[in-house]
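**Q** If you want the building blocks of each chain, they are given just below.
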Amino acid sequence: MEQVFQQLINGLSLGGIYALIALGYTMVYGIIGLINFAHGDIYMVGAYVGYALTTFLGLGLLPSIVLAMAICSILGMAIEKVAYKPLRNSPRISALITAISVSLFLQYTMMYFVGPQTRTFPEVLKSSSIRLLDGKVVLDIKNLIIVGITVVLMVALQYIVKKTKMGKAMRAASLDMDAAELMGVNVDRIISFTFLIGSALAGAAGVLVGVYYNTINPLMGSLPGIKAFVAAVLGGIGVIPGAVFGGFALGMIETIISAYGGSVFKDAVSFIALILVLLVKPNGLLGRTLREKV
Amino acid sequence: MKRFNKNSIIKTIILIVFYIAIQTALNLGILDTYMELNIILICINIILAVGLNLITGFTGQFSLGHAAFMCIGAYSSAILTANFNQPLLVALIISGITAALAGILIGIPTLRLKGDYLAIATLGFNEIVRIFALNTDYIGGAIGFNDIPKYTNWTWAFLMTVISIILIKNFIRSYRGRACIAIREDEIAAESMGVNTTFYKVLAFALGAFLAGIAGCLYANYFHFIKPDSFGFMKSIDILVIVVFGGLGSITGSIVGAIILSIISLVLQSVSELRMIIYALILFGIMVFKPRGIMGNTEFKLFRKGAIKGANTRSYKSI
Numbered sequence: 032m033e034q035v036f037q038q039l040i041n042g043l044s045l046g047g048i049y050a051l052i053a054l055g056y057t058m059v060y061g062i063i064g065l066i067n068f069a070h071g072d073i074y075m076v077g078a079y080v081g082y083a084l085t086t087f088l089g090l091g092l093l094p095s096i097v098l099a100m101a102i103c104s105i106l107g108m109a110i111e112k113v114a115y116k117p118l119r120n121s122p123r124i125s126a127l128i129t130a131i132s133v134s135l136f137l138q139y140t141m142m143y144f145v146g147p148q149t150r151t152f153p154e155v156l157k158s159s160s161i162r163l164l165d166g167k168v169v170l171d172i173k174n175l176i177i178v179g180i181t182v183v184l185m186v187a188l189q190y191i192v193k194k195t196k197m198g199k200a201m202r203a204a205s206l207d208m209d210a211a212e213l214m215g216v217n218v219d220r221i222i223s224f225t226f227l228i229g230s231a232l233a234g235a236a237g238v239l240v241g242v243y244y245n246t247i248n249p250l251m252g253s254l255p256g257i258k259a260f261v262a263a264v265l266g267g268i269g270v271i272p273g274a275v276f277g278g279f280a281l282g283m284i285e286t287i288i289s290a291y292g293g294s295v296f297k298d299a300v301s302f303i304a305l306i307l308v309l310l311v312k313p314n315g316l317l318g319r320t321l322r323e324k325v
Numbered sequence: 012m013k014r015f016n017k018n019s020i021i022k023t024i025i026l027i028v029f030y031i032a033i034q035t036a037l038n039l040g041i042l043d044t045y046m047e048l049n050i051i052l053i054c055i056n057i058i059l060a061v062g063l064n065l066i067t068g069f070t071g072q073f074s075l076g077h078a079a080f081m082c083i084g085a086y087s088s089a090i091l092t093a094n095f096n097q098p099l100l101v102a103l104i105i106s107g108i109t110a111a112l113a114g115i116l117i118g119i120p121t122l123r124l125k126g127d128y129l130a131i132a133t134l135g136f137n138e139i140v141r142i143f144a145l146n147t148d149y150i151g152g153a154i155g156f157n158d159i160p161k162y163t164n165w166t167w168a169f170l171m172t173v174i175s176i177i178l179i180k181n182f183i184r185s186y187r188g189r190a191c192i193a194i195r196e197d198e199i200a201a202e203s204m205g206v207n208t209t210f211y212k213v214l215a216f217a218l219g220a221f222l223a224g225i226a227g228c229l230y231a232n233y234f235h236f237i238k239p240d241s242f243g244f245m246k247s248i249d250i251l252v253i254v255v256f257g258g259l260g261s262i263t264g265s266i267v268g269a270i271i272l273s274i275i276s277l278v279l280q281s282v283s284e285l286r287m288i289i290y291a292l293i294l295f296g297i298m299v300f301k302p303r304g305i306m307g308n309t310e311f312k313l314f315r316k317g318a319i320k321g322a323n324t325r326s327y328k329s330i
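So the sequence lines, in the order shown, correspond to chains R and U.
Take 32 as the starting number for the first sequence in the numbering used here and just add one per residue.
Take 12 as the starting number for the second sequence in the numbering used here and just add one per residue.
These are computed hints drawn from the structure, not numbers from a lab.
It is possible that part of the hints are untrue.
[As the list claims (entries may be wrong)] Mimicking DSS-like on lysine-lysine, the simulated pairs with C-alpha atoms at most 25 Å apart in a straight line are:
#  : chain 1 : residue 1 : chain 2 : residue 2
1  : U       : Lys238    : U       : Lys161
2  : R       : Lys116    : U       : Lys301
3  : R       : Lys112    : R       : Lys196
4  : R       : Lys167    : R       : Lys116
5  : U       : Lys180    : U       : Lys17
6  : U       : Lys161    : R       : Lys312
7  : U       : Lys246    : U       : Lys161
8  : R       : Lys297    : U       : Lys238
9  : U       : Lys246    : U       : Lys301
10 : U       : Lys246    : R       : Lys297
11 : R       : Lys112    : U       : Lys301
Sequences are here, hints too, so could you generate the full structure?
**A** If you want it as structure tokens, here you go:
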């Protein structure tokens, strides 16, 4: 029983990180229908920015997260302008391959400049733990801070999407881009804004991962990137609460599988879960069912 | 239609001459073993690409898991040739069939999904196969499968490539092939016209997987050594890039795409550090300037008879 609690705590942190990345995927997908494979690499860039800021400038956790978010959002917007905008009317498969090429470009450019080796993230947070249930369950302060930051960012996102004018325009564009444009929404700006927010969240997730796992490398973005996309699909892609739910669900599944000795199969299990969910509910757990009209 | 018309005879002669030319060059040492390796890799890539083109280009099912079938084929043939001492022909057939069965097995449930959902499910399948291969001790696990006999040579690779291309070409021209194309164009319309969409989607998937299995078999028996990480998600992407670069729905395109991309990566070997960066930029440039691939969906014809230019321009809304 204690072990389950312990794993749930670890799962929350991992899930929060997945959820932050998944939000960016789901928002971009909701608006332009593109699986943005480069998203996982923006998260990697975020981790490196966080590394540079904490190691060389000696900044604390919060300022480095904010700066990493800012740099990643600029990067995300630049990628959208340079790479995806020219292909907006092309076949979707070409846009997807462009996304993959951007992903490769980010990975290997980063590798060219910082080298392929794994780097150790500096100890930004003092590791102090709280013991619960007679000391059998350890609640690291890192877990609390990561979950706390994740929740704050999600609430902020929810506020932007639901309460601001920009958010209203985003929702309109994701529902029907042409109609939104006819109603005077500047769709180009909305798409840029979506990339900005999504990339900022990925940047934050990158720094948090660095803090949590202590190691970063230039290829760290590809598998978590795909898994965050899996999380987004699991919850229902294009639906913001779905991404959060999917992220946490995936984090929990993985930690529980690892706890019961299946750590080598944990990646396989999350993909099996994805396929099973898609078979039962093709639009994801929280997704809306859209009827196809002829 | 005559089976032996001017066209097919000339094509056969060209193929035989091409085969003999390369074989002589290999025997005389004009093409060294490194070139032979690249030529065989091109053949394997062509087989993979025409198989995926059938699934993605002609049937419109977006698959990101083609390397999984190659993985299954490669390991089946490794087991057959190394552990059971079977000849290459047996290994080729059985690894093709194993991969096709896997294709059916994964196709029946997942082909209910559409577009990006199918893509991500097949990607998941790819990762599942890779992870299980990594953790199965019988086939070497993460260390890889060693000491596979080297049976593949230019003759086998060439033969299999030609057979694959002819198989897919004839399949596309048959009524089953037209059913597949109808599914790509409009699944609902095809269904209402009485096309059993599930059957044809699974059929295309199985045929593509069969070819991938054969390619995997050739691969395993050429390189002595296979490891699960060679068949990861990036390999599937590589195959997809060949297909899209050549042109979805164009077999000639797949062939040309496989050759050009292999040459590009051959040239880039010399700048190993910048290789992937340049590759990414080339990929990006191709997609921006030629989003429909170099061949579009047209085929190269030796004798163009009564063809109207652009008559088969189609939309790719569904993919």
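**Q** Against the earlier hints, flag every one the structure doesn't satisfy and list their numbers going up.
**A** Hints 4 and 6 not satisfied by this model.
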